[in-house]
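Colleague: Chains L and H supply the protein sequences, listed in that same order.
For the first sequence, the numbering used here begins at 1 and goes up steadily by one.
For the second sequence, the numbering used here begins at 1001 and goes up steadily by one.
Derived by calculation from the structure, the hints in this document are not laboratory data.
Among the hints, erroneous ones may be present.
[Claimed, not checked] Computed footprint of chain L on chain H, listed as stretches where at least three residues anywhere in the stretch have a Cβ under 8 Å from a Cβ of chain L:
hint	region
1	1029-1039
2	1049-1062
3	1276-1284
[As the list claims (entries may be wrong)] Listed below are the simulated PhoX-like cross-link pairs for lysine-lysine, each with C-alpha atoms no more than 25 Å apart in a straight line:
hint	chain 1	residue 1	chain 2	residue 2
4	L	324	H	1052
5	H	1053	L	324
6	L	324	H	1266
7	H	1056	L	324
8	H	1266	H	1226
9	H	1100	H	1053
From the three backbone atoms N, C-alpha and C, an ideal C-beta is built for every residue, glycine too.
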Amino acid sequence: MWEYAPAPESRDIANLKPNYRMFIDGQFVEGAGEPLKTVNPGTEEVLAEVSTAAPADVDKAVKAARRAYDRVWGRMPGSERAKYIFRIARLIQERGRELAVLESLDNGKPIKESRDVDVPTAAAHFFYHAGWADKLGYAGYGPDPRPLGVAGQVIPWNFPLMMAAWKIAPALACGNTVVLKPAETTPLTALVLAEIIQQADLPPGVVNILAGAGDVGAAVTSHPDVDKVAFTGSTEVGKIIQRQLAGTGRKLTLELGGKAANIVFDDAPLDQAVEGIVNGIFFNQGHVCCAGSRLLVQESVADELLEKLHARVSTLRVGDPLDKNTDVGAINSREQLTKIQQLVETGDAEGAERWTSACPLPDKGFYFAPTVFSNVSQAMRIAREEIFGPVLSVLTFRTPDEAVAKANNTPYGLSAGIWTEKGSRILWAAQKMRAGVVWANTFNRFDPTAPFGGYQESGFGREGGRTGLEAYLDV
Amino acid sequence: MAAPTTSPSLPPALADAVRDDASLRRFLHGLPGVDQVGVEQRAAGLGTRSIKKASKMWAIDTAISMVDLTTLEGADTHGKVRSLAAKARRPDPERADVPKVAAVCVYPDMVETAVKELEGTGINIASVATAFPSGRSSLKVKLEDTAYAVDAGATEIDMVIDRGAFLSGRFGQVFDEIVQVKHACGDAHLKVILETGELATYDNVRRASWLGLLAGGDFIKTSTGKVSPAATLPVTHVMLQAVRDWHAQTGQRRGVKPAGGIRTTKDAIKYLVAVHEVAGPEWLTADLFRFGASTLLNDLLMQRRTQLEGHYSGPDYVTVD
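In isolation and in its complexed conformation, chain L is listed as follows:
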């Protein structure tokens, strides 16, 4: 047997500091909230202490953002704004290794993903939107679309840096200023992004980054002087925010949960479909709102596909997020691990057939072995609820119509995957899918030029592409 020797990326590259502070009005400051300790989910050790915001700090940040909007950023020509945004993009690339290692430490995702996906995509979003800053008149929203003002943004823990980029880049390009709150369990890369923003010499107050838990997020989204709220996270919290903002006239975009279907027709390229299924549900430990968590496979190829899938999933290497050969890293928190375990138990109880990879798991840290449930029916909780973990539910179908009906039979509608060698079937199924993103013969590919967003309980509004600009313009 050939055992790969450990190939860990050095954690020194992360430049980890014992304390991190919030970023308000161009300065790193202590918040008046109770400091939080952020934990490495791969080892359960405390990484750093982070100061958090009290309500007065949120107010200070919003005031700073307002001032920066009124005096500088809102009236600056787009060509000037673009220079700052390009500079941020380049600095993200320059500090790419540092950001990647820090992200893997704080979040638990494997270094190969933070290095090859999160950081490059974050930089790409800044590059892409920098290009728009002086061309907004050609985006299809009138000859001179105006910004909205101050954007309050709250992001989740699954792609901490990438989500920050998805939020900040379009807001800045359109001329808005920002108050951003990263997730409680993953604040570090956003605060290093604050350093980069300082390095890029952005005028004080244009971007403010606050740390803290849900209460700080609520204070940001409900602040009366915020003109636009953007939230990515759970459907539950999204509904609360929508209720709060109803009738205030403030603009809102929400990117919430999902329970995406990955449909494999019998004429699919099976080996690549297996890769796409694996990438769809085990990428980032399944902590992906657009994860392909429901596999719908045509009955005539179900046995063959499942056999190949089990063999492939068995080769996934689960463990130390910093090891360059790790495919599946750590679950982000104990709380999330417990949630996954509970939902998996309901799968057992409701009679689904459970298969778990025999891969070894580390003794310390939060890990969950890749799991595939077969014989799943639409009625089961594991087919209906978002698990947000490395757990796949396999359902079968007999005809294309049945596949579409089952795929759409969910309150969500964020993404979908279609696997077939037949082009006409791809076009037919994509039209029928009630999902914001439909991938054909691939899955979980992100590009700043492609709008991303959902239907129904997966939220509204788009991020990325020309369409995504609308969320930050007064149109």
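Here the structure of chain L is known, so what remains is to put chain H in place on it, guided by the hints.
Modeller: Using the frame of chain L, we list chain H on its own:
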């Protein structure tokens, strides 16, 4: 078609596939397609595996033991083959613990010399045959060519398929030729060269792989080395999938040999990772995986020294042949 006699143990579904030309065509066109973007993405992704320390040392020694040390030039002489054989016996004269290579691969008229030089070493003598590299001759000549090499003592035959026949859809003809060459091989192992650079699509590579396996090839091999592109990682992925699926259906393990264009240890390790994770760890043996290469061996030797001595020594410290 002269089929079923060669593979008496084929399960019914596969035995049906080779019943006649039409069945063969239906079978090969019924194989699942290969998505180009997907297979290339997977090959590139697996290429990022980081193999260090003991696992790298193991990979280097394993790769050396899988090399088919090759010279296939018009300018080949007995002297050249003799020195190649010496290199095969003792790849690094200063280090006796370096494994021997798997085989020496030459043209048929050089087999006799290679046999003499390698007697008693356990190193195989592979010979290309069947109007290598183009395969453009009559079946009679191809079989004579094979018999000539086998009679001279070749233990392995690397044949080329008729790509012209394959591309014009005459699968039965290609199949029959392989079957007859296999017959002419006797006890010699047969490697079937698909020349994937001329087949152009991954779908064709998959079909040709199955064709070679159905006809009784012990190995399927990517290329002659005379056509560009020669071996690539994604093509090798598709061929590894074929032997894996063949095993799942028949219980038999067949081999894969990428040839041409693999020059560095880094590349060789990427191929071994693919063998490990696509076909499975059982394929990590010279019985089931080979590298068709000439310059690769010296890079493996240099990297081996680097691993042991802690510093790089350079090309003047390994023998050119």
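Colleague: Now look at each hint and say whether the structure bears it out.
Modeller: How the hints compare with the structure:
no. : hint               : verdict
1   : 1029-1039          : holds (count 7)
2   : 1049-1062          : holds (count 11)
3   : 1276-1284          : holds (count 4)
4   : L:324 with H:1052  : 11 Å, holds
5   : H:1053 with L:324  : 14 Å, holds
6   : L:324 with H:1266  : 16 Å, holds
7   : H:1056 with L:324  : 15 Å, holds
8   : H:1266 with H:1226 : 23 Å, holds
9   : H:1100 with H:1053 : 22 Å, holds
In the structure shown, no violation is registered for any of the earlier numbered hints.
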